[in-house]
Amino acid sequence: ETGVTQTPRHLVMGMTNKKSLKCEQHLGHNAMYWYKQSAKKPLELMFVYNFKEQTENNSVPSRFSPECPNSSHLFLHLHTLQPEDSALYLCASSQATGGAGGYTFGSGTRLTVV
Amino acid sequence: LAKTTQPISMDSYEGQEVNITCSHNNIATNDYITWYQQFPSQGPRFIIQGYKTKVTNEVASLFIPADRKSSTLSLPRVSLSDTAVYYCLVGDIYGGSQGNLIFGKGTKLSVKP
Numbered sequence: 032e033t034g035v036t037q038t039p040r041h042l043v044m045g046m047t048n049k050k051s052l053k054c055e056q057h058l059g060h061n062a063m064y065w066y067k068q069s070a071k072k073p074l075e076l077m078f079v080y081n082f083k084e085q086t087e088n089n090s091v092p093s094r095f096s097p098e099c100p101n102s103s104h105l106f107l108h109l110h111t112l113q114p115e116d117s118a119l120y121l122c123a124s125s126q127a128t129g130g131a132g133g134y135t136f137g138s139g140t141r142l143t144v145v
Numbered sequence: 003l004a005k006t007t008q009p010i011s012m013d014s015y016e017g018q019e020v021n022i023t024c025s026h027n028n029i030a031t032n033d034y035i036t037w038y039q040q041f042p043s044q045g046p047r048f049i050i051q052g053y054k055t056k057v058t059n060e061v062a063s064l065f066i067p068a069d070r071k072s073s074t075l076s077l078p079r080v081s082l083s084d085t086a087v088y089y090c091l092v093g094d095i096y097g098g099s100q101g102n103l104i105f106g107k108g109t110k111l112s113v114k115p
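Going down the list, the protein sequences come from chains R and F. Start counting the first sequence at 32; every next residue gets the next number (this note's numbering). Start counting the second sequence at 3; every next residue gets the next number (this note's numbering).
Isolated chain R, as found in the complex (with noise of 0.2 Å):
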């Protein structure tokens, strides 16, 4: 247990479903991430969020949309994705946006988009 627990772990999905990825933390943290790691390739930061706000965008695709409705609660939600979008999804958190301590991650979705 890593404090960061994301569900679920493997999804399918056609590229016309809807589906949603969920990160919980517990650890009192105020900043939350999003990250992709395709294979053999470094990972990708692709959203931040600091006491719920969106403070970064890494030029992410519109059919990946971040939600965070408070600071313990991150959801990536995907619609329409492409076969290129299958990846290893992680999410993370820390005290604050800098990384002081460290940054605690979750074990990742393990994303394949049919």
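It should be emphasised that the hints constitute simulated quantities derived from the structure, not laboratory data. Accuracy of the hints is not assured; some may be wrong.
What the hints assert, rightly or not - Computed spacing ranges between beta-carbons, pair by pair: (1) 46/R <-> 18/F: 41 to 51 Å; (2) 115/F <-> 47/R: 43 to 53 Å; (3) 115/R <-> 71/F: 35 to 45 Å; (4) 49/R <-> 18/F: 31 to 41 Å; (5) 69/F <-> 47/R: 52 to 62 Å.
Each residue gets a CB set at the ideal place from its N, CA and C atoms; glycine is no exception.
Put chain F on the given structure of chain R with help from the hints.
Relative to the frame of chain R, chain F by itself:
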């Protein structure tokens, strides 16, 4: 953003000490150095963070020379379970810069019996 350079891969044997070096020639005054470990299909795990000289915790040591243009993660007496990818990140952990959020390719450490 301070760019980091690490070896792509390293091999070691069980029981050996492993030192992984990261170069960050343009590190800024307010930047800290942070190391993470990642196993396949899992999220990275924080190992250690430091600013200068030496930092030690229960799993690793971090050595940072006076000019801070490089740093070395030292793993004592590695075991097979230390086989993973190790990432070095450099950024202002109190200023909220993205440097501390950008992961490079990391160093793939393979520990053999």
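Right, here's what the structure says about each hint:
1. 46/R <-> 18/F: 41 to 51 Å: For residue 18/F against residue 46/R, whose Cβ atoms are near 48 Å apart, the range 41 to 51 Å holds.
2. 115/F <-> 47/R: 43 to 53 Å: At 49 Å between Cβs, range holds.
3. 115/R <-> 71/F: 35 to 45 Å: 37 Å, holds
4. 49/R <-> 18/F: 31 to 41 Å: 50 Å, violated
5. 69/F <-> 47/R: 52 to 62 Å: Check passed, 55 Å falls within 52 to 62 Å.
In summary, the one numbered hint that this structure violates is 4.
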